[in-house]
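Asks: Heads up, my numbering is the position in the sequence shown plus 42, with the first residue counted as 1.
No wet-lab data here; the hints were simulated from the structure. Worth double-checking, as some hints may not be accurate.
Unchecked claim - In the BS3-like style, the derived pairs of lysine-lysine whose C-alpha atoms are separated by at most 27 Å in a straight line are: (1) Lys180 with Lys273; (2) Lys115 with Lys273; (3) Lys180 with Lys115; (4) Lys277 with Lys288; (5) Lys180 with Lys116; (6) Lys277 with Lys115.
Unchecked claim - Label pairs and their in silico Cβ distance ranges: (7) Ser86 with Val270: 30 to 36 Å; (8) Ser281 with Gln217: 17 to 23 Å; (9) Lys115 with Lys277: 17 to 23 Å; (10) Leu307 with Lys116: 42 to 48 Å; (11) Leu307 with Trp125: 38 to 44 Å; (12) Asp122 with Arg301: 39 to 45 Å; (13) Phe133 with Ser281: 16 to 22 Å; (14) Lys170 with Ile290: 15 to 21 Å; (15) Val262 with Gln81: 38 to 44 Å.
C-beta atoms are modelled at their ideal positions from N, C-alpha and C, and glycine is treated no differently.
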Amino acid sequence: MLLTLITYLVLGALAGTVAGLFGIGGGLLIVPVLIFSFQAQGMSAEVLTHAAVATSLATIVITSISSTLAHNKKRAVRWDIFWPLAFGILFGAVLGVNTAVQLPGAWLQIALGCFALVVAVQMALNLKPDAGETAVSKPGLSGAGVVIGWASSIFGIGGGTLTVPYLSWKRVVMQQAVATSAACGLPIAITAALTNIWVGWHAPEMPEWSAGYIYLPAFVGIVLTSSVFAKVGAKLAHSLPPVLLKRIFALFLVVVGLRFLLTNL
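Can you make the complete structure from the sequences, with help from the hints?
Replies: Below you can see the structure in the form of C-alpha cells.
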C-alpha cells in the first residue's frame, strides 16, 4: 500500500506540474497514467478505465477550488458567463457519466485515445479558433455547457481544453476565458464525481478503499501533491520554451492515444 501511495503522490506532482506548465487540467495526464497503474495493480479490466476517469474528476474538485479562488482574487472570472455555463454543465456531466458507464472499458479507451490525438494535434500546431461574430448569450452558453460537461465527464478532465477555445471563439478576453474555465471545472468535477459514486457504488469489481468508481488511495495521493506542484509548473513555464514544452507533451499524448487505439482496435 505504501508503494502504491508513493506512486500516486508522484503522479499528483507530475499532473500539477503539467497543469501549471501548459495551463490545462491535469486530467489529460492523470487518466492515462491511472489506467496503466490500475492495470499493473491487477484491477479488473471491466472497471479500471471508469475508475481512472472517476478518480481524475474527483481530484479536480480540489484543484479547481484553489485555482478558482486565485483567479477570482484577480477579478478575472466572468461570473455572468459562468452561471449559464454551469447550468448546462450540471446536466451534461450527469449525462456524460451515464454515457461512460454504458461503454465497455475498451470502447472508453478508444474514445480517450481519439481525444488524446486531437488534443495533441491542437497543442503541437498551436491551433486556436478565430473570434466568432456573435456575442455570448445565456441560451448559447447553457447549450455549450451541456456539451462541455458531457465530454469532460467522459474523458475525466476539468473542461479547460474545451471551455477556453469556446470562450475565445465568443470573443472573451483570454485571461478571463482561462479564469472562467477554471471556475467551470468545479461544477463539472463535483457533479461527475458524485454521479460516479452513485452509479458505481455497488460495482463488485472495484477494489477495497473505493467510493463508487473513485479509488480513494489514488485520489488522496494525487490531491496531496498536485496543487503544490502546479505552482512549480507555473514558474517553469516562464523559464522554459513554451512551444517546445507543448510539443513534448503533445508527443506524450500521441503515444498514449496510439497505445489505446492499437490495444483495443
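Asks: Against this structure, judge whether each hint is valid.
Replies: Against the structure, the hints:
Distance restraint check for Lys180 and Lys273: the Cα-Cα separation of roughly 34 Å exceeds the 27 Å cut-off, and the hinted pair is therefore not satisfied. Among the hinted pairs, Lys115 with Lys273 is consistent with the structure: their alpha-carbon atoms are about 16 Å apart, no more than 27 Å. Taking the CA atoms of Lys180 and Lys115, the gap is about 25 Å. The hint holds against a cut of 27 Å. For the hint pairing Lys277 with Lys288, the CA-to-CA distance comes to about 15 Å; that is within 27 Å, so the pair holds.
Between Lys180 and Lys116, the direct Cα distance comes to roughly 24 Å. Compliance with the 27 Å bound is thereby established for this hinted pair. Taken as a hint, the Lys277 and Lys115 pair is honoured in the structure, with Cα atoms around 19 Å apart against an allowance of 27 Å. At roughly 32 Å, the beta carbons of Ser86 and Val270 sit within the given window of 30 to 36 Å. The beta-carbon spacing between Ser281 and Gln217, approximately 21 Å, falls within the hinted interval of 17 to 23 Å.
Here the CB-CB span from Lys115 to Lys277 is close to 18 Å, well matched to the stated 17 to 23 Å. Between Leu307 and Lys116 the beta carbons are some 45 Å apart, a value that agrees with the proposed interval 42 to 48 Å. Remark: the range hint 38 to 44 Å for Leu307 to Trp125 is upheld by a beta-carbon distance near 41 Å. Separated by about 42 Å at the C-beta atoms, Asp122 and Arg301 satisfy the suggested range of 39 to 45 Å.
Distance hint check for Phe133 and Ser281: the Cβ-Cβ separation is about 42 Å, which falls outside the suggested range of 16 to 22 Å. At about 19 Å, the CB distance of Lys170 to Ile290 agrees with the hint of 15 to 21 Å. Here the CB-CB span from Val262 to Gln81 is close to 20 Å, at odds with the stated 38 to 44 Å.
The earlier numbered hints that this structure contradicts are 1, 13, 15.
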